[in-house]
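Novice: Read off the chains here:
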Amino acid sequence: MKSFREELWFNVPSRRGYVNITPQVEDCLRKSGVREGLLLCNAMHITASVFVNDDEGGLHRDFETWLEKLAPHEPVSTYAHNLSGEDNGDAHLKRQVMGREVVVAVTAGRLDFGPWEQIFYGEFDGRRAKRVLVKIIGE
Amino acid sequence: MKSFREELWFNVPSRRGYVNITPQVEDCLRKSGVREGLLLCNAMHITASVFVNDDEGGLHRDFETWLEKLAPHEPVSTYAHNLSGEDNGDAHLKRQVMGREVVVAVTAGRLDFGPWEQIFYGEFDGRRAKRVLVKIIGE
Amino acid sequence: MKSFREELWFNVPSRRGYVNITPQVEDCLRKSGVREGLLLCNAMHITASVFVNDDEGGLHRDFETWLEKLAPHEPVSTYAHNLSGEDNGDAHLKRQVMGREVVVAVTAGRLDFGPWEQIFYGEFDGRRAKRVLVKIIGE
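Residue numbers (this note's numbering), protein chains in the order written: chain V, 159 to 297; chain P, 159 to 297; chain U, 159 to 297.
Source of the hints: derived by calculation from the structure; they are not laboratory data. From the three backbone atoms N, C-alpha and C, an ideal C-beta is built for every residue, glycine too. Don't take each hint at face value.
[What the hints assert, rightly or not] EDC-like, lysine to aspartate or glutamate: derived pairs with alpha carbons at most 20 Å apart:
1. Lys160/U <-> Asp213/V
2. Lys227/U <-> Glu222/P
3. Lys227/P <-> Glu194/V
4. Lys160/U <-> Asp270/P
5. Lys288/P <-> Asp213/V
6. Lys160/U <-> Glu297/P
7. Lys227/P <-> Asp245/P
8. Lys227/U <-> Glu226/P
9. Lys288/U <-> Asp245/U
10. Lys288/P <-> Glu244/P
11. Lys288/V <-> Glu165/V
12. Lys160/V <-> Asp245/U
13. Lys227/P <-> Glu226/U
14. Lys227/V <-> Glu226/P
15. Lys288/U <-> Asp270/P
16. Lys227/P <-> Glu226/V
17. Lys288/P <-> Asp270/V
[Unchecked claim] Partial list, derived from the structure: chain U residues whose beta carbon lies under 7 Å from chain P:
18. Met159
19. Arg163
20. His203
21. Ile204
22. Gly247
23. Leu251
Looking at chain V on its own, in the form it has when it is part of the complex (with noise of 0.2 Å):
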């Protein structure tokens, strides 16, 4: 069994911002050298995600819009996590709807993805450089 770790770092220069990061996922599939197995991509920090959508920008100012409906930034008394002086109370409730992480199918070498299927970073809680790791485990 084969299996290989890789840090991406990101700093989304404004609090909540969307990434592709496929590019870099494939790049660590092509140096681990796995032809056959499963591949995990989770957001080290506990207020940003990593997801599988659309690479569509209405989409993701959908995603803005409908996350600051179901957990609203302001005010940020509204939260009681951030009694302990955070602000980013809200960022801990959306990355729950996001999810923190996705598994793919690793097969032939490549991420065995349908037609759309993309991997996304969600910064929450941005302005400031945080980690995604992939860690590729297989044949």
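Once you have looked at the hints, place chains P and U on chain V.
Specialist: For chains P and U alone, coordinates are given in the frame of chain V:
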């Protein structure tokens, strides 16, 4: 290490619906010959889900009501994604709540499930053929 | 390839609660002897979750408030699922928001976590013994 891959096809006749796909996934596991390992089952489309919950019709009606409250289909003009001519903006959001994939333990050649766990395909933009991927690795 | 399986049991004395289960999962990993691989940790019941977030009491109170807003327990007659005599329709929905499972990378014999990542058991229909599965594969 063994690996196995199969696509399952579904054509849900309505816009939304829930299909218990546990028997098909169990068939894949039997064919794979894997006794100990991990099984990934994911929607290959970004307006559908694979998830584990209860095979109970009332609950599935509750999913329908609840997801329509969280991310209503109408008015379709609510969603920036639909400016591209689509009408499935809501389906991309519903899929985030319900999830893309499940990873299931394989133990002694069986899905290692609790008493009520069943795998469902959740369709949010149906009336056409769509795919689910089953990937199994182990020994 | 090595594989390891263990069940963890929890009996949360209230209807809802959050338990940091990271130490028990780390014990499993030590016992498994796996140094490089993947660890799956999932609720075996469909009214409970396993998820990764912050070990901060204020945040857990925010989860409680937020999930009750998204899928309130009362009135229990809201949910078609409860027509069967159950009162846990809300718990099945809360579990979808919080997720069934986490997959964690195993690197050099440890959970490959970012600085604040901790694994929680989320109970939404407690006051009875329920199980979490830990399955580890690797070398």
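Novice: Under the criterion that the straight-line Cα-Cα distance not exceed 20 Å, is the pair Lys160/U, Asp270/P satisfied?
Specialist: Between Lys160/U and Asp270/P the Cα gap is close to 17 Å, so the pair holds against 20 Å.
Novice: Please verify whether Lys227/P and Glu194/V have alpha carbons no more than 20 Å apart.
Specialist: violated (41 Å)
Novice: Starting from Lys288/V, check that the Cα of Glu165/V is at most 20 Å away, please.
Specialist: Given pair Lys288/V, Glu165/V holds - Cα atoms ~10 Å apart, limit 20 Å.
Novice: Hey, Lys227/P versus Glu226/U, does the alpha-carbon distance stay inside 20 Å?
Specialist: holds (14 Å)
Novice: Does the closest beta carbon of chain P sit nearer than 7 Å to the beta carbon of His203/U?
Specialist: It holds, given that the least Cβ distance between His203/U and chain P is near 5 Å, below 7 Å.
Novice: Can you verify the interface hint for Arg163/U: is its Cβ closer than 7 Å to any Cβ in chain P?
Specialist: Holds - the Cβ of Arg163/U comes within 7 Å of chain P, reaching about 5 Å at its closest.
Novice: Taken at face value, is the distance from the CA of Glu226/V to the CA of Lys227/P at most 20 Å?
Specialist: Holds, at roughly 15 Å.
Novice: Given the proposed pairing of Lys227/U with Glu222/P, does the C-alpha separation stay at or below 20 Å?
Specialist: Holds, at about 17 Å.
Novice: With chain P as the partner, please determine if Leu251/U meets the hint condition of a C-beta pair closer than 7 Å.
Specialist: holds (6 Å)
Novice: Is it true that the CA of Lys227/V sits at most 20 Å from the CA of Glu226/P?
Specialist: holds (14 Å)
Novice: Decide if the proposed pair is consistent with the structure: Lys160/U and Asp213/V, CA atoms, cutoff 20 Å inclusive.
Specialist: violated (38 Å)
Novice: Holds or violated: Lys288/P with Asp213/V, Cα cutoff 20 Å?
Specialist: holds (19 Å)
Checked against the numbered hints above, the structure violates hints 1, 3 and 12; every other hint is satisfied.
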